[in-house]
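Peer 1: Construct the entire structure; sequences and hints are all you get.
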Amino acid sequence: MRTLKQKILIYGISIAIIIGCVFPFYWAFVSSIKTGSDLFKVEFFPANPAWSNYLEIFKEQPFGRNIVNSVIVAVGTVSLALFLAVTASYALGRVNFRGRTTLLITILSVSMFPQVAVLSGMFELIRTLGLYNNLLGLILSYMIITLPFTVWIMTTFMKQLPKEIEEAAIIDGANTWQICTKIFLPLLWPALVTTGLLAFIAAWNEFLFALTFTIEEKARTVPVAIALMTGASEYELPWGKIMAASVVVTLPLIMLVLVFQRRIVSGLTAGAVKG
Amino acid sequence: MARVIFKDVRKSFGKVEVIHNANLEIQDNEFTVFVGPSGCGKSTMLRMLAGLEDVTSGQIFIGDKDVTTLQPAKRKVAMVFQSYALYPHMTVYENIAFGLRITKYRKDEIHRRVTHAAEILQLNHLLDRQPKQLSGGQRQRVAIGRAIIRDPHVFLFDEPLSNLDASLRVQMRMQIAKLKKELETTMIYVTHDQTEAMTLADKIVVLKDGNIEQVGKPLELYHHPRNKFVASFIGSPKMNFIEGRISKIDGEKVTLGLPHDKSIVLPVSLPEGINLKAENTVDLGVRPEHITQCDASKALFTGDIQVIEHLGSEILAYVKIGWGQQIVVRLDGESKVKIGDNLNLCVDPTDSHLFDPESGLSFERHSKQ
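Chains A and B supply the protein sequences, listed in that same order.
Heads up: the first sequence begins at 2 in our numbering, then just goes up one per residue.
Heads up: the second sequence begins at 377 in our numbering, then just goes up one per residue.
Mixed in with the good hints there might be a few duds.
[Claimed, not checked] Once the Cα atoms are required to be at most 20 Å apart in a straight line, the calculated SDA-like pairs of lysine to any residue come out as:
| hint | chain 1 | residue 1 | chain 2 | residue 2 |
| --- | --- | --- | --- | --- |
| 1 | A | Lys183 | B | Ala449 |
| 2 | B | Lys593 | B | Arg423 |
| 3 | B | Lys480 | A | Glu165 |
| 4 | B | Lys483 | A | Lys160 |
| 5 | B | Lys452 | A | Asn176 |
| 6 | A | Lys183 | B | Lys480 |
| 7 | B | Lys450 | A | Gly174 |
| 8 | B | Lys483 | A | Gly174 |
| 9 | A | Lys164 | B | Glu558 |
| 10 | A | Lys183 | B | Arg505 |
| 11 | B | Lys480 | A | Gly232 |
| 12 | B | Lys441 | A | Gly174 |
| 13 | B | Lys508 | A | Leu188 |
| 14 | B | Lys452 | B | Glu558 |
| 15 | A | Lys164 | B | Arg505 |
| 16 | A | Lys183 | B | Arg482 |
| 17 | B | Lys383 | B | Ser433 |
| 18 | A | Lys183 | B | Gln506 |
| 19 | B | Lys452 | A | Glu165 |
| 20 | B | Lys593 | B | Phe605 |
| 21 | B | Lys508 | A | Glu167 |
| 22 | B | Lys480 | A | Lys164 |
| 23 | B | Lys579 | B | Ala553 |
| 24 | A | Lys183 | B | Lys579 |
| 25 | A | Lys164 | B | Ala449 |
| 26 | A | Lys183 | B | Glu690 |
| 27 | B | Lys450 | A | Gln161 |
| 28 | A | Lys160 | B | Ser459 |
| 29 | B | Lys452 | A | Gln179 |
| 30 | B | Lys450 | A | Asn176 |
| 31 | A | Lys164 | B | Asp430 |
| 32 | A | Lys164 | B | Arg423 |
| 33 | A | Lys60 | A | Gly232 |
| 34 | B | Lys508 | A | Pro187 |
These aren't lab readings, by the way, just hints derived from the structure by calculation.
Peer 2: Structure representation (structure tokens):
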């Protein structure tokens with residue numbers, strides 16, 4: 002039995018952690034419904050909520066376009082990365098060949114380099130391919146960044162699938178493509194959702210590449226668009242609008258996580274695929 | 377529906393050769409069991425036949441076709457795995473139908489075949505279930521259904537009953553025996569359990585360390601084991617081996633000296649190429665079920681009971697006889713024996729086997745057919 006003291010401790014710490022996590026977002030929301038000098042008053046429940054910020058961000062700049070850009074880039078990155086990761090993980094997880102471990106380690110070591118270190122190289126690549134100021138350039142560069150961990154996670158899951166299931170499918174006359182799509186993909190569904198979501202979040206939040214590889218406002222993704230928001234004069238930072246924009250772009254992520262929540266949990270315990 | 381032939385088949389994993397020059401012919405419609413201790417290469421033989429393992433050298437034929445390098449799906453074989461290997465995300469129906477669906481059979485044809493297979497295996501009421509909702513025996517029946525539906529020329533079973541509990545195993549064994557009658561297909565069955573081998577097989581192939589030790593009908597192996605390994609592997613409890621000394625070899629009769637100055641005359645003759653003389657040591661082989669209690673005057677062995685195992689219908693008694701040896705005797709379940717009792721035991725010479733201890737080869741017996 003837990004004593005009262007322990008209970009208080011557990012709940013106390015839990016509440017502290019929840020406040021620590023949620024408060025910044027709450028504060029962003031509160032700030033987003035304030036205008037002018039109200040912003041600099043400490044108010045937890047604003048007396049006169051003003052929703053004008055939410056309208057203005059869409060009116061004064063192509064913020065809607067930016068969101069669409071972000072969606073295109075994130076979805077593109079996720080689909081491309083997952084497709085490549087699944088096919089690669091089949092080879093890395095289920096086919097024995099020389100240098101497999103070396104290859105896996107090489108893939109992992111790609112993710113060791115900080116973004117800044119590869120930035121200039123990536124810039125050259127994007128320029129050479131003629132993808133500067135183009136969403137395809139962002140999709141390509143994000144895919145390069147997300148592939149190492151998607152490949153690694155998918156390979157781990159792929160290795161866990163029992164060999165007999167694959168052999169049974171071979172005897173049943175399935176070719177490699179059918180084994181992948183009809184047998185492995187359904188079994189890897191939780192893993193796909195988990196890695197896909199991680200890749201989506203990474204692509205959604207990415208700032209440095211998005212800033213470097215785009216120039217026009219209408220080619221920007223939301224993180225850059227928010228960071229480059231300006232007020233009426235160059236000395237004013239429009240905090241209210243910035244916060245409104247932040248809230249708007251956080252919502253899709255929360256929605257995604259809530260929708261796939263169950264899948265993520267079962268993804269973490271996906272060892273239970275025993276025939 | 378097809379013969380199976382292994383011709384000079386060898387298999388190596390890296391530098392280790394696990395199958396040494398296997399030659400084997402399995403007739404059409406024959407139920408053949410590969411049996412042997414773990415690591416003897418029996419599963420590897422099966423997997424080479426299925427096409428899941430490459431053959432290092434030699435050839436495999438199914439029917440008249442050389443399938444050595446053919447893809448598994450084109451060999452017209454079906455396989456049942458030890459771990460069932462059902463597709464966990466599909467229903468029973470989909471599991472059974474999978475092979476036909478990907479080879480683009482018509483829907484009504486698939487339905488007809490699945491229903492038929494389900495009827496044979498009494499799976500009709502389970503077709504909508506997922507594998508995880510089934511018991512072990514049911515899962516294995518689905519796995520068999522998946523094999524039946526492909527209408528294979530050769531059926532392969534890789535230790536299909538090993539994951540089941542004892543009573544279910546007996547039940548499934550009977551079902552497989554029934555299936556064998558209904559399907560009339562060449563079937564190859566791998567097991568390490570000699571009881572399964574004896575009860576199911578038309579032909580048993582005993583393997584050890586990648587060598588085929590003997591091929592024959594179950595009773596042939598029981599009565600005429602080619603060597604000591606087969607003799608000890610077939611039959612339960614194991615055959616007793618008692619060290620004895622040859623006192624006389626007389627054409628088709630060998631006289632053997634045993635502990636306590638006993639002797640026995642066996643109707644056997646020396647195996648080919650083996651040269652043994654009087655005073656040489658040999659191993660007398662007697663199965664526990666062939667040893668009986670008798671008068672002290674006629675007894676071949678006498679000794680005290682060390683351990684008793686009650687099995688209900690029978691009793692297994694471990695008796696210590698001379699020269700520091702112990703034998704197992706099967707007694708009637710009703711007999712009132714206890715530890716420490718002195719038993720006088722007789723053996724019919726025609727039930728006995730003799731082995732060369734060096735090569736393990738058995739002497740040729742003239743008594744049993």
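Peer 1: Look at each hint and say if it fits the structure.
Peer 2: Status of the hints after comparison with the structure:
Annotation: proposed proximity of lysine 183 of chain A to alanine 449 of chain B holds, straight-line Cα distance about 16 Å (limit 20 Å). Annotation: proposed proximity of lysine 593 of chain B to arginine 423 of chain B is violated, straight-line Cα distance about 23 Å (limit 20 Å). Restraint check: the Cα-Cα separation between lysine 480 of chain B and glutamate 165 of chain A comes to about 23 Å, which exceeds 20 Å; the hinted pair is violated. Of the pairs offered as hints, the one joining lysine 483 of chain B and lysine 160 of chain A is violated, with about 34 Å between alpha carbons and a cut-off of 20 Å exceeded.
With a C-alpha separation of about 15 Å, the suggested pair lysine 452 of chain B and asparagine 176 of chain A falls inside the 20 Å cut-off, and the hint holds. Only pairs whose Cα atoms come within 20 Å are accepted, and lysine 183 of chain A paired with lysine 480 of chain B is accepted, the gap being roughly 14 Å. A threshold of 20 Å between alpha carbons decides the hint, and for lysine 450 of chain B with glycine 174 of chain A the separation of about 8 Å falls inside it, so the pair holds. Taken as a hint, the lysine 483 of chain B and glycine 174 of chain A pair is honoured in the structure, with Cα atoms around 18 Å apart against an allowance of 20 Å.
For the proposed pair lysine 164 of chain A and glutamate 558 of chain B, the alpha carbon gap of about 31 Å is over 20 Å, so the pair is violated. At most 20 Å may separate the alpha-carbon atoms for a hinted pair to count; lysine 183 of chain A and arginine 505 of chain B meet this at roughly 19 Å. Of the supplied pair hints, the one linking lysine 480 of chain B and glycine 232 of chain A is violated, its CA atoms being roughly 64 Å apart against a limit of 20 Å. Restraint check for lysine 441 of chain B and glycine 174 of chain A: the C-alpha separation of about 19 Å stays at or below 20 Å, so the hint holds.
A threshold of 20 Å between alpha carbons decides the hint, and for lysine 508 of chain B with leucine 188 of chain A the separation of about 14 Å falls inside it, so the pair holds. Distance restraint check for lysine 452 of chain B and glutamate 558 of chain B: the Cα-Cα separation of roughly 19 Å lies within the 20 Å cut-off, and the hinted pair is therefore satisfied. A threshold of 20 Å between alpha carbons decides the hint, and for lysine 164 of chain A with arginine 505 of chain B the separation of about 23 Å lies outside it, so the pair is violated. For the suggested pair lysine 183 of chain A and arginine 482 of chain B, the alpha carbons sit about 19 Å apart, so the restraint of at most 20 Å is met.
This hinted pair checks out: lysine 383 of chain B and serine 433 of chain B have alpha carbons roughly 9 Å apart, not beyond 20 Å. Between lysine 183 of chain A and glutamine 506 of chain B the CA atoms are separated by roughly 16 Å; this keeps the pair inside 20 Å, and the hint holds. Proximity of lysine 452 of chain B to glutamate 165 of chain A is assessed by CA-CA distance (about 18 Å); at most 20 Å being required, the pair is judged to hold. As the CA atoms of lysine 593 of chain B and phenylalanine 605 of chain B are separated by approximately 16 Å, the hinted pair is consistent with the 20 Å bound.
For the given pair, lysine 508 of chain B sits about 18 Å from glutamate 167 of chain A by alpha-carbon distance, which is consistent with the 20 Å threshold. Annotation: proposed proximity of lysine 480 of chain B to lysine 164 of chain A is violated, straight-line Cα distance about 25 Å (limit 20 Å). For the suggested pair lysine 579 of chain B and alanine 553 of chain B, the alpha carbons sit about 14 Å apart, so the restraint of at most 20 Å is met. Simply put, lysine 183 of chain A and lysine 579 of chain B have alpha-carbon atoms about 38 Å apart, too far for the 20 Å limit, and the pair is violated.
Between lysine 164 of chain A and alanine 449 of chain B the CA atoms are separated by roughly 17 Å; this keeps the pair inside 20 Å, and the hint holds. Restraint check for lysine 183 of chain A and glutamate 690 of chain B: not satisfied, since their Cα atoms lie roughly 53 Å apart, outside the 20 Å limit. With a CA separation close to 28 Å, the supplied pair lysine 450 of chain B and glutamine 161 of chain A exceeds the 20 Å bound. For the proposed pair lysine 160 of chain A and serine 459 of chain B, the alpha carbon gap of about 17 Å is at most 20 Å, so the pair holds.
Simply put, lysine 452 of chain B and glutamine 179 of chain A have alpha-carbon atoms about 19 Å apart, close enough for the 20 Å limit, and the pair holds. At roughly 12 Å between alpha-carbon atoms, lysine 450 of chain B and asparagine 176 of chain A fall within 20 Å of each other, so this suggested pair holds. For the hint pairing lysine 164 of chain A with aspartate 430 of chain B, the CA-to-CA distance comes to about 16 Å; that is within 20 Å, so the pair holds. Annotation: proposed proximity of lysine 164 of chain A to arginine 423 of chain B holds, straight-line Cα distance about 13 Å (limit 20 Å).
Annotation: proposed proximity of lysine 60 of chain A to glycine 232 of chain A holds, straight-line Cα distance about 13 Å (limit 20 Å). Between lysine 508 of chain B and proline 187 of chain A the CA atoms are separated by roughly 15 Å; this keeps the pair inside 20 Å, and the hint holds.
The structure fails to meet hints 2, 3, 4, 9, 11, 15, 22, 24, 26, 27 from the earlier list, while all remaining hints are met.
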